[in-house]
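4 protein chains.
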Amino acid sequence: MNTWGRLFRVSLLGESHGDGVAVLLDGVPAGLRLTVGDFAGDLRKRRGGLTGTTTRREADRPLLKSGVRAGRATGAPVLIWLDNKDVDSGGYGEFRRKPRPGHVDFTAGVKFGGFNDIRGGGHFSGRLTAALVAAGVVAKKMIAPAKIEARLLEAGGETGAVGVSRAIQEAMAEGNSIGGIVECRVGGLPVGLGEPFFDSVESGLAHAAFAVPGVKGIEFGAGFRAARMRGSEYNDPIVDAKGTTATNHAGGINGGLTNGNELVFRAAIRPAASIGLPQRTVELPAGKRAEIRIRGRHDACIALRVPVILEASAAIVLADLMAIDGRIPKIWR
Amino acid sequence: MNTWGRLFRVSLLGESHGDGVAVLLDGVPAGLRLTVGDFAGDLRKRRGGLTGTTTRREADRPLLKSGVRAGRATGAPVLIWLDNKDVDSGGYGEFRRKPRPGHVDFTAGVKFGGFNDIRGGGHFSGRLTAALVAAGVVAKKMIAPAKIEARLLEAGGETGAVGVSRAIQEAMAEGNSIGGIVECRVGGLPVGLGEPFFDSVESGLAHAAFAVPGVKGIEFGAGFRAARMRGSEYNDPIVDAKGTTATNHAGGINGGLTNGNELVFRAAIRPAASIGLPQRTVELPAGKRAEIRIRGRHDACIALRVPVILEASAAIVLADLMAIDGRIPKIWR
Amino acid sequence: MNTWGRLFRVSLLGESHGDGVAVLLDGVPAGLRLTVGDFAGDLRKRRGGLTGTTTRREADRPLLKSGVRAGRATGAPVLIWLDNKDVDSGGYGEFRRKPRPGHVDFTAGVKFGGFNDIRGGGHFSGRLTAALVAAGVVAKKMIAPAKIEARLLEAGGETGAVGVSRAIQEAMAEGNSIGGIVECRVGGLPVGLGEPFFDSVESGLAHAAFAVPGVKGIEFGAGFRAARMRGSEYNDPIVDAKGTTATNHAGGINGGLTNGNELVFRAAIRPAASIGLPQRTVELPAGKRAEIRIRGRHDACIALRVPVILEASAAIVLADLMAIDGRIPKIWR
Amino acid sequence: MNTWGRLFRVSLLGESHGDGVAVLLDGVPAGLRLTVGDFAGDLRKRRGGLTGTTTRREADRPLLKSGVRAGRATGAPVLIWLDNKDVDSGGYGEFRRKPRPGHVDFTAGVKFGGFNDIRGGGHFSGRLTAALVAAGVVAKKMIAPAKIEARLLEAGGETGAVGVSRAIQEAMAEGNSIGGIVECRVGGLPVGLGEPFFDSVESGLAHAAFAVPGVKGIEFGAGFRAARMRGSEYNDPIVDAKGTTATNHAGGINGGLTNGNELVFRAAIRPAASIGLPQRTVELPAGKRAEIRIRGRHDACIALRVPVILEASAAIVLADLMAIDGRIPKIWR
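Protein chains in written order, with this note's numbering: chain A, 15 to 347; chain B, 15 to 347; chain C, 15 to 347; chain D, 15 to 347.
Quick caveat, the hints were computed from the structure, so don't treat them as lab data. Owing to the predicted nature of the structure, the values given are computational and were not obtained by experimental measurement. Take the hints with a grain of salt, since some may be wrong.
No copy is singled out in the list; a pair is fine if it fits within one copy or between any two copies.
DSS-like, lysine-lysine: derived pairs with alpha carbons at most 25 angstroms apart [stated by the list, open to error]:
| no. | residue 1 | residue 2 |
| --- | --- | --- |
| 1 | K344 | K256 |
| 2 | K112 | K344 |
| 3 | K112 | K99 |
| 4 | K155 | K344 |
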């Protein structure tokens, strides 16, 4: 539901065009250093501003509303709140009647009987990922010195910066959008994270990654390529007593447990659902065919913003698994 | 951990070479018809016996040890037990000292301090999936008339039956193994299954799928291909008031919620870790380079057996989401 | 931890002398009517102001920060925030060094390594129960027409209003405090709430009640008196097909399940820990014997304020059990 | 539901007159020594055989069906199975039509639509507590050197052994039953167990205790007596740096956290529901008044058998809280 985790628990709340978005963290170790400044870097990475991302501008200055005192976590639940300010809620009413293709308008409308906040996607908005990134900042501190780094591998089928830039420009000129692939690597993890049978490391990371809007695929190590490999090629030879392997087709995971090598996974991001081009839909409740054209500020390529979000989703999963494995002290001096 | 689910809860237990494997089901509706015969079909599909699968032969006759009376679930927890009989536990001791590449020997050995049952992979064995398939049989009844069907799309890079068969024969002749891709489709689901933010349908299905040994990638709808599509191409036009779409690039899911169209996902299966060829590893604890050669009965292509297992993993996730959504009666007449 | 519930989930946060206290509710049905005014009655009942309760005065005007739009729940998480304003944080530093008897100073100080917010009890403060009461307001709507009513049975050993009033006056004059007993009754519940084995109705209600600061005992129906009854006297004769019983020694619960009769339980409330009289403690870290005298605004009898809090704790438990039993619609028209 | 715990998870299953009863334990540390003999003592204490307890005789020889190898836990789920053998299932059919007062016949019949196994109480039977006691044996090992001891304080209103014995004899002669009070003490606990806000130590212990059939009240330390004490009397003076208190009215718990002193609680046990005397009930479905007389083997005083069961319920709660607090090693050497 809106909460992830067993010992380190992350609850997301808020709406795109409501008062704000927030994350409630339970299980933050007492004494962990936390200040408003810690969040600036990752929130900036997530925020729009580059060519190809929305022109919505939020200050994203987090308020630490509970659980922190004198720059340290107290051990009580930490609420991190981000105000919404740059909100433009016009024109959403139409989407209840004419649901946008690729959007949650239709499914959420049915699920919540039309009571869902549809403005800017409401609780389903990518805006919620700002709160997820804030959670990631805390989680990254908890798992240090393990270190997570994600980057855009390709967008619009292009891999170099020039090609990606051109693909985005083209899509914007068309009023269109493009997808991409993001890769995430985690170094410095201990051996043995993951809880059989159901809570394999892949299970947890995939679970949280697929909560990120736009993710439609995930693969670990060789991933889909492994389906075409032979065992003699795929199996990573072990070369020392720490379990280091000569290759890393397993992506740092055997039997659902981290093996001490670099953890590697990639996520496929679909193109942004909101495009400027006319699209086919129906007019509810009758279901008569209709056309819709979406105006407003949108991302041409959400994949550009996903790396830091995927880092956050990975960080909260790994922080919880490390806590379960007894590797996170209850009190930080 | 070893339990999945919130209202329909599935706990797996047992070892490859212990007394047996089993699944404990909590939340089975009272009155649901359950007899030993119900399990035969799916367990047969999972069992070895085809060319390319292990020669281990288990009768897989489930014992309904609790929660069932006179052919009906009583509402109490249902324990389904499968005896192990065709067990050959020789030779595993060596793998503690010389961990097999691609196996859980090293990671589980570290995690459990060497106390884990290493025979046949112990609790990490693919044998556990027999119990998962049994859970799936019950879950499939709960979600009817929705219907799940999985099939092998490709193995060893081949898609037709002749090519797959030849690839398997070749791998076996080499003492090698091959991977494959399995596709799963679910028809007849209602609109709106899934619980934001973290329990999107993709999140749940991926979580359970990655618990299945050998799965290294999963994608929904267009999946990784979506990363190279434009929004105008990817977005599925809505064509009627029930939300039917003209295409299904989203795989039946928008915003993490089922949209009423066919749910489609694919999983990448790595080649079986056990191969007959010599492999490089180390001798513990010193870490001296060593060679290992695995004898015994193994699958050349575990992907052959995965379809019914993936059906089961999907069924338990969907049964729980349907229960959460209030769609599964507490009492079945 | 800080969250209760499986389908209706209640998370408490905040501190006595921080920015405020709050409750995050997940699983509120879409369409449920919710306005700021709904909370006034119960929050007023909980608030100080009577003789015998603290002179701290909070407006307790709840802010509905998320999950509500146009007076209706949207189906997304609902954050209800209560600002702290009338805060007097002087003098708490001493209690780290000289922990107050009966307080959480010592235990929380050890658990959180001294990083806990000690001002006014921090996260352990009775102030948190304002947020619990707010959760109760929502839960009461969800379980209607079932109705919860709690009242003070006795305080300081006195049962009548005159006696109670005199006992409180005496305690205040002494700089002392008194305990009391609160009874809670719930009418209109369906038969069969409760989930064996561990989630009996008594288990859930007791769990939540013991989270309320000051509760040291709970009993259902005849309770401790049942220990001295004979079966022939205790067993409640069934008198009609709806399960109505002639007596109600079971307190409306058989086998952990509601039986359709009035649910009845009583909670014992210890005297408030903060008293004006000098008390024996030690000076940390050496442990030298010391005396402490607590100044400030305190309740002479917290039991006066407990009835509406106990109603809230019961309401959130029953709302969750009703949701699990499929009795709470997902959408409220 | 049927599972308790977050890191040490206990799932009960089975029926009184089915194949057997069992407990599935997840989170048992790898390497913990476990043999069949470990269970004999506690299971014997729980078993009938004394005057005043049922004449049903079960060998209660546990089978360790999974998760144990060579006398040590492997880290995988442990299934402990107890066969039912001395089963006499005659005569239960009548109770569906004429529900027994004080029994679960009516409530479970409604909840499970009549599909529940009614023989001997089915899944609601006190027989399940044998499995709980088995779980307690494992939990006690995990929390050592902390030590739990429960004893019968009174039965039928009598406190001495002679009086209790006479009260039981009298009740039996009448075909009647009596209740009692059991006290449980735990020594050697660390300071700080318990997780605010909802998972106070009292909350957890009460939750599990009320899952035990027959428990109708619980109190900690001074308990209900505290309601009539003054703060100056109730507050336990702290006398050393370890938090030792001069008195123990708080029962070893402040603010929901253990304070390092002896943890003390008492449970009220109602008289056994099954008595030989005629009782008033109705005949379903019409609801015509009827009389019922229960034959068979029953306890005159279930409180006699409750001490070791309450120890078990306390042990599983404390083991989980200690695991959450990071105090239970993952690997036992």
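(request) Check K155 against K344 for me: Cα-Cα at most 25 angstroms, and say if that holds within a copy, between copies, both or neither. (result) Classified as both; 13 angstroms inside a copy, 23 angstroms across copies.
(request) Classify it for me, K112 with K344: is the Cα-Cα distance of at most 25 angstroms met within a copy, between copies, both or neither? (result) between (51 angstroms within a copy, 24 angstroms between copies)
(message) When Cα atoms must be at most 25 angstroms apart, do K112 and K99 count as within-copy, between-copy, both, or neither?
(response) Result: close neither inside a copy nor across copies, 27 angstroms intra and 46 angstroms inter.
(request) Indicate which option fits the pair K344, K256 if close means a Cα-Cα distance not exceeding 25 angstroms: within, between, both or neither. (result) between (27 angstroms within a copy, 20 angstroms between copies)
Violated hints amount to a single one, hint 3; each of the other numbered hints is respected by the structure.
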